[in-house]
Amino acid sequence: MGPVLAGVLQLLALIAALALAYIPLGTYMARVYSSDKHWRVEKWVYKGIGANPDAEMTWSAYLRGVLAFSTVGVLFLYALMRLQGVLPGSLGFSSVDPAQSFNTAVSFVTNTNWQSYYGEQTMGHVVQTAGLAVQNFVSAAVGMAVAVALVRGFARSRTGELGNFWSDLVRGTLRILVPAAAIAAIVLVACGVIQNFSGIHEVGQFMGGSQQWNGGAVASQEAIKEIGTNGGGYFNANSAHPFENPTSFTNLFEIFLILVIPFALTRTFGVMVGSVKQGYAILATMFTIWLGLVALMMWTEFAHHGPALQAAGGAYEGKEVRFGVGASSIFAVSTTLTSTGAVDSFHSSFTGLGGGITMLGMMLGEIAPGGVGSGLYGMLIMAVIAVFIAGLMVGRTPEYLGKKIGTREIKLAACYILITPALVLVFTAVSMALPTPPHSMLNSGAHGFSEVLYAFTSASNNNGSAFAGLNANTDWFNTMTGLAMLLGRFLPMVFVLALAGSLAAQKPVPVTAGTLRTEKPLFTGLLVGAVLIITGLTYFPALALGPLAEGLA
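Residues in the sequence shown are numbered from 1 upward in steps of one, following this note's numbering.
These aren't lab readings, by the way, just hints derived from the structure by calculation.
It is possible that part of the hints are untrue.
Computed cross-link-like contacts, EDC-like style, restricted to lysine to aspartate or glutamate with a CA-CA straight-line distance of at most 20 Å [stated by the list, open to error]: (1) 507 to 36; (2) 43 to 54; (3) 507 to 54; (4) 520 to 550; (5) 277 to 475; (6) 404 to 56; (7) 37 to 97; (8) 37 to 54; (9) 43 to 56; (10) 404 to 519; (11) 47 to 36; (12) 411 to 550.
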């Protein structure tokens with residue numbers, strides 16, 4: 001079997017698995033967030049944190065809950081890393097320095113999981129399990145809660161209430177993420193991923209020296225790392241490491257975990273607004289962009305330019321031979337079109353155009369299908385923009401799901417789509433202009449610029465992957481990427497929840513003959529065009545200086 005055919009067959013198997021999980025998982029999540037009953041364990045949690053799960057919240061109260069919970073998470077995780085040297089189970093590792101502790105705490109709380117350290121040489125079992133793994137669950141649950149709040153904004157009318165943040169957070173964690181991660185971890189252990197709390201041990205003698213590895217609860221963290229679109233690896237090599245991703249099957253299974261909840265949330269959206277066809281329209285948009293970029297990535301990486309690539313059958317540099325070019329291409333696109341950031345190959349070693357595709361996936365806003373929760377609310381914001389454009393074309397007041405898109409709504413949507421490009425481009429420009437940050441670049445020219453552009457694109461979009469050539473473990477990059485992650489996570493949530501509150505307060509608009517049918521293929525095409533043109537072209541000059549210049553050289 002040729003490598004191209006193998007890649008295509010894996011892609012078809014992945015699509016089939018996602019299709020089988022779509023309806024049952026999406027419907028189940030809709031029931032979770034619509035239920036008025038609480039599990040006993042949930043009641044214990046509410047009592048412990050002093051929350052009333054039945055109290056409805058306005059958008060501002062919901063936002064305060066998000067910010068308060070996330071602030072506590074940052075402070076707790078920061079303190080845990082600073083105290084690591086005196087904690088049991090630290091494997092003898094010292095406390096993490098302040099700049100890196102700040103960066104890592106912000107990274108995991110914002111669902112970014114950017115790592116400027118070697119995981120197996122820096123973090124002990126306590127920090128990995130009680131700190132990082134816990135945030136993998138709750139940061140994903142926060143994103144899902146915000147998405148559900150926006151969906152309620154479309155579904156409700158004549159009210160300013162969007163549900164209860166604490167209830168949504170706890171249910172998303174205990175009813176969705178924990179069971180899914182438990183099942184996934186069992187599968188990974190059965191397939192060879194390690195799961196233990198062993199210490200550091202030597203694995204053999206190599207060239208006169210010894211190699212040491214530490215164990216860890218890798219399978220359980222790998223499961224939530226992928227299914228919560230987190231991305232932080234237990235080891236520095238991330239999902240290219242055989243302890244995290246030993247076989248071709250586990251590789252494809254981990255891609256499935258990355259995509260299954262973000263895609264299924266479109267079904268949840270359709271069920272909650274009372275029209276599954278609306279969910280299918282959003283799904284079709286996400287799937288079209290994802291499949292298009294996967295095909296483009298495979299083409300760039302299989303293109304045989306030069307005798308070395310012709311002999312190898314593709315661009316194999318930086319890719320695991322266990323997975324090949326096809327599977328690595330699917331993983332790379334899936335991880336950058338979501339907010340996962342896990343890697344099974346090294347994006348810096350992709351072809352110039354291939355590296356540009358990984359950046360483009362993040363620059364589109366990671367909405368195809370995007371992170372758990374963040375992908376859905378990002379795509380719904382783009383849907384608001386698309387119906388506004390359609391309204392301008394025909395001279396009608398734009399409407400979406402029975403809600404008018406007026407001045408306030410379009411301003412909030414516009415602020416949402418502008419904030420992330422501003423962060424990416426400003427931080428990149430400042431880093432390239434100052435004398436010290438460019439010293440972290442391994443390469444010069446277009447590829448060196450791509451390393452810095454990729455770093456701030458990844459941080460601002462809460463992705464977490466990187467062009468490996470950049471030394472990001474400096475005070476400048478630890479601090480600046482930390483700020484980019486904070487602003488890139490929580491400023492968009494402000495606009496999302498404000499938009500949800502504005503929509504929920506409206507009365508429904510009756511459907512007429514002139515109403516834009518947003519469940520039709522025509523709207524899907526309009527939405528795909530809006531995503532590619534509005535967000536994609538924003539970054540075109542920066543891409544022209546980096547990956548495009550390198551790819552066309």
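Against the 20 Å threshold, does the CA-CA distance of residue 277 and residue 475 hold or violate the hint?
49 Å, violated
Given pair status - residue 550, residue 411, alpha carbons within 20 Å
Not satisfied, since the Cα-Cα distance of roughly 37 Å exceeds 20 Å.
20 Å Cα cutoff - pair residue 404, residue 519
17 Å, holds
Hey, residue 47 versus residue 36, does the alpha-carbon distance stay inside 20 Å?
17 Å, holds
Does the structure keep residue 520 and residue 550 at a Cα separation of 20 Å or less?
With a Cα-Cα distance of about 39 Å, the restraint between residue 520 and residue 550 is violated, given a limit of 20 Å.
Checking one constraint from the list: CA of residue 43 to CA of residue 56, max 20 Å. Satisfied?
17 Å, holds
Would the hint linking residue 507 and residue 36 be met if the CA-CA limit is 20 Å?
24 Å, violated
For residue 37 and residue 54, compute the direct alpha-carbon distance and say whether it is at most 20 Å.
10 Å, holds
Given the hinted pair residue 37 and residue 97, is their Cα-Cα distance within 20 Å?
45 Å, violated
For the pair supplied as a hint, residue 43 and residue 54, confirm whether the alpha-carbon distance does not exceed 20 Å.
11 Å, holds
Hint check: residue 507 vs residue 54, CA-CA at most 20 Å. Holds or violated?
24 Å, violated
Does residue 56 lie within 20 Å of residue 404 when you go C-alpha to C-alpha?
24 Å, violated
Hint compliance for this structure: hints 1, 3, 4, 5, 6, 7 and 12 are not met, and every other hint is.
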